[in-house]
Amino acid sequence: MVTTMSAAAPARDAAPRVPTDAELVRRSRTDPEAFAVLFDRYAAMLYRYVSRRLGPGPAEDVVGETFLVAFGRRARYDLARDDARPWLFGIATRLVARHHRDEAARYRALHRLPAAAEAVPEDAVDDALTAHAARPALAAALEDLPRRDRDVLLLIAWADLSYAEAAQALGIAVGTVRSRLNRARRKVRAALGGTDPTKEV
Amino acid sequence: MRDDLTLLRDLGADLEHEPPATLARQRHRLIEGARPRRRLPLLAVVTAAFVVAALALVPAVLRTGNDEPAAAPASAPLTVLLLGLDGGRRADSIALARVPADGSPAQVVSLPRDLRLGARPTEAKCGTSDRLGAVAGSGLDCAVRAVQLLTKVPVDHAFALDFRGFRALVDSVGGVDVTVPHAVDDPKSGLRLAAGTHRLDGERALAYARTRRGLGDGGDLERIERRHRLLAALAVRAQERAKNPVRLARLAAAFAGSAQMTGGPGDVERIANTLMRSGPDRVRYSTAPVVPDGTGLRPASGFAACFTAFQR
Numbered sequence: 139m140v141t142t143m144s145a146a147a148p149a150r151d152a153a154p155r156v157p158t159d160a161e162l163v164r165r166s167r168t169d170p171e172a173f174a175v176l177f178d179r180y181a182a183m184l185y186r187y188v189s190r191r192l193g194p195g196p197a198e199d200v201v202g203e204t205f206l207v208a209f210g211r212r213a214r215y216d217l218a219r220d221d222a223r224p225w226l227f228g229i230a231t232r233l234v235a236r237h238h239r240d241e242a243a244r245y246r247a248l249h250r251l252p253a254a255a256e257a258v259p260e261d262a263v264d265d266a267l268t269a270h271a272a273r274p275a276l277a278a279a280l281e282d283l284p285r286r287d288r289d290v291l292l293l294i295a296w297a298d299l300s301y302a303e304a305a306q307a308l309g310i311a312v313g314t315v316r317s318r319l320n321r322a323r324r325k326v327r328a329a330l331g332g333t334d335p336t337k338e339v
Numbered sequence: 012m013r014d015d016l017t018l019l020r021d022l023g024a025d026l027e028h029e030p031p032a033t034l035a036r037q038r039h040r041l042i043e044g045a046r047p048r049r050r051l052p053l054l055a056v057v058t059a060a061f062v063v064a065a066l067a068l069v070p071a072v073l074r075t076g077n078d079e080p081a082a083a084p085a086s087a088p089l090t091v092l093l094l095g096l097d098g099g100r101r102a103d104s105i106a107l108a109r110v111p112a113d114g115s116p117a118q119v120v121s122l123p124r125d126l127r128l129g130a131r132p133t134e135a136k137c138g139t140s141d142r143l144g145a146v147a148g149s150g151l152d153c154a155v156r157a158v159q160l161l162t163k164v165p166v167d168h169a170f171a172l173d174f175r176g177f178r179a180l181v182d183s184v185g186g187v188d189v190t191v192p193h194a195v196d197d198p199k200s201g202l203r204l205a206a207g208t209h210r211l212d213g214e215r216a217l218a219y220a221r222t223r224r225g226l227g228d229g230g231d232l233e234r235i236e237r238r239h240r241l242l243a244a245l246a247v248r249a250q251e252r253a254k255n256p257v258r259l260a261r262l263a264a265a266f267a268g269s270a271q272m273t274g275g276p277g278d279v280e281r282i283a284n285t286l287m288r289s290g291p292d293r294v295r296y297s298t299a300p301v302v303p304d305g306t307g308l309r310p311a312s313g314f315a316a317c318f319t320a321f322q323r
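Top line first, the protein sequences correspond to chains A and B. When you line the first sequence up against this note's numbering, it's residues 139 to 339, in that order. When you line the second sequence up against this note's numbering, it's residues 12 to 323, in that order.
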């Protein structure tokens, strides 16, 4: 669909046209170096997402691995998809799963940390107070979520993917994204309300 | 209280780290290759050197740059015939490789080129010789036919590398390292080298392979050994290149243009992917047992047993 798009929008061709992700993937099949442009485009974005889940150390490695895996699969990329983000976030998410211990430890550290003991300015706005106070409960909820539900929730909340993009990333139906997201959010809300029935302590 | 997603986003923002400068190392890993990965063992057995070169290179033949979908690993074991061709119409090295689909180690059985064929392909293009090397050098289909008649093993794919291909390959891996014990000046082959270790480009590597003067005793056997050392050096360089996917893909393009193979690039990629599943360093090598027969060789007892694992 790349060709029809550029033909339909000749005005944009006046300026040097920025290639779509799909074009870069296609080009990388004959000119492997073209794949580096995708790295330049998305490595930082992926790093931020993975660093939230795993911390800075593993994030660097996971991002590198994500691009190696993607490069190896570039022949199978669906060129009709101009935006490679769902593809890359999907690969990264599967690689994050291999570090589930790192991730669990990260959330555990958060909810065990006496967040309330940290000095919060007296005049802080209520919202900030609420957000800060909610951290241990949120972290505990994230740790307790089944991986599938957590992947959906965090692709949407932390990677800013749409429902459709999250569905693409995980290779599931949009309806499944919705149901997993709803389930995950119910548990998160229960944890925030302090009445999480699934929590065993 | 604020929306749960908003609170979650705030938490995410708190947990987030900015990409460090060292993230560039990951780009490097993709493009330049800085990644320690499995290495091929250096083989002492010179006759296996070609096979090593071939097996190191098979994974390199990933794509030739067309848009056909990538081949999935095979679901059944593959039998691949590997040929090293000398300058004329003769196969110098002949080996059958069994690449299992389940990730178990690949098996390679070498066949001496002087094996006499009891039954031989009858096509005129396959020549009149009854020596395996001569028949196999007449073309890939002659080679496949001859080996099938000899071993009763169905061959899925065959692939051959000649000296021209060798030269192109040496260039595509950025040269090979050889060591000469003393200065060499051979006007006939054009080889001029000071004593010591040199990185040779394709042209000079070929001269090194061909020279009969100035190195060793000038005999054929010495020359064959030297070629095997070259192939081993090529395998090492190819393996170094194989450490990063972009260079690997470039090497693949060069290789696809210089090797003969049955089937298309998709088939080769399938072999490569299947082989990568078991790992190129997990290969078992052997030579089919033979006994002298006049000026040639013939299968010894145990010959057929060598290939039982190859039968479907």
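Please keep in mind that the hints were generated in silico from the structure rather than gathered at the bench. Among the clues, some could well be false.
Ranges between beta-carbon positions, derived for each pair [claimed, not checked]:
| hint | chain 1 | residue 1 | chain 2 | residue 2 | range |
| --- | --- | --- | --- | --- | --- |
| 1 | A | Arg236 | B | Thr33 | 49 to 57 Å |
| 2 | B | Leu16 | A | Arg214 | 27 to 35 Å |
| 3 | B | Thr33 | A | Asp240 | 14 to 22 Å |
| 4 | A | Arg179 | B | Thr208 | 40 to 48 Å |
| 5 | B | Gly207 | A | Gly195 | 23 to 31 Å |
| 6 | B | Ala32 | A | Ala242 | 56 to 64 Å |
| 7 | A | Val312 | B | Ala87 | 18 to 26 Å |
| 8 | A | Asp169 | B | Ala24 | 44 to 52 Å |
| 9 | A | Thr314 | B | Arg36 | 22 to 30 Å |
| 10 | A | Ala311 | B | Arg100 | 57 to 65 Å |
Residues from chain B that face chain A, not an exhaustive set, calculated with beta carbons under 7 Å [as the list claims (entries may be wrong)]:
| hint | residue |
| --- | --- |
| 11 | His28 |
| 12 | Pro30 |
| 13 | Ile42 |
| 14 | Asp125 |
Beta carbons: idealized from backbone N, C-alpha and C, even for Gly.
Going through the hints against the structure:
In this structure the supplied range 49 to 57 Å is violated for Arg236/A paired with Thr33/B, their Cβ-Cβ distance being about 21 Å. A hinted range of 27 to 35 Å holds for the C-beta pair Leu16/B and Arg214/A, which are about 33 Å apart. As the Cβ distance of Thr33/B to Asp240/A is approximately 18 Å, the hint placing it in 14 to 22 Å holds. Hint check: Arg179/A to Thr208/B, Cβ distance near 42 Å, so the stated range 40 to 48 Å holds.
As the Cβ distance of Gly207/B to Gly195/A is approximately 44 Å, the hint placing it in 23 to 31 Å is violated. Between Ala32/B and Ala242/A the C-beta distance comes to about 29 Å, which lies outside the given range of 56 to 64 Å. At roughly 37 Å, the beta-carbon separation of Val312/A and Ala87/B lies outside the given 18 to 26 Å, and the hint is violated. Between Asp169/A and Ala24/B the Cβ separation comes to about 37 Å, which falls outside the hinted range of 44 to 52 Å.
Taken as a hint, the range 22 to 30 Å is violated for the pair Thr314/A and Arg36/B, whose Cβ atoms sit roughly 37 Å apart. Between Ala311/A and Arg100/B the beta carbons are some 59 Å apart, a value that agrees with the proposed interval 57 to 65 Å. Look at His28/B: its Cβ gets to within about 4 Å of chain A, closer than 7 Å, so that hint holds up. Interface hint status for Pro30/B: upheld, as the beta-carbon distance to the closest one in chain A is roughly 4 Å, under 7 Å.
Contact between Ile42/B and chain A, as hinted, is supported at the beta carbon level, the nearest pair being about 5 Å apart and thus within 7 Å. Taking 7 Å as the C-beta contact cut-off toward chain A, the hint placing Asp125/B at the interface is violated, the least distance being around 42 Å.
Hint compliance for this structure: hints 1, 5, 6, 7, 8, 9, 14 are broken, all remaining hints hold.
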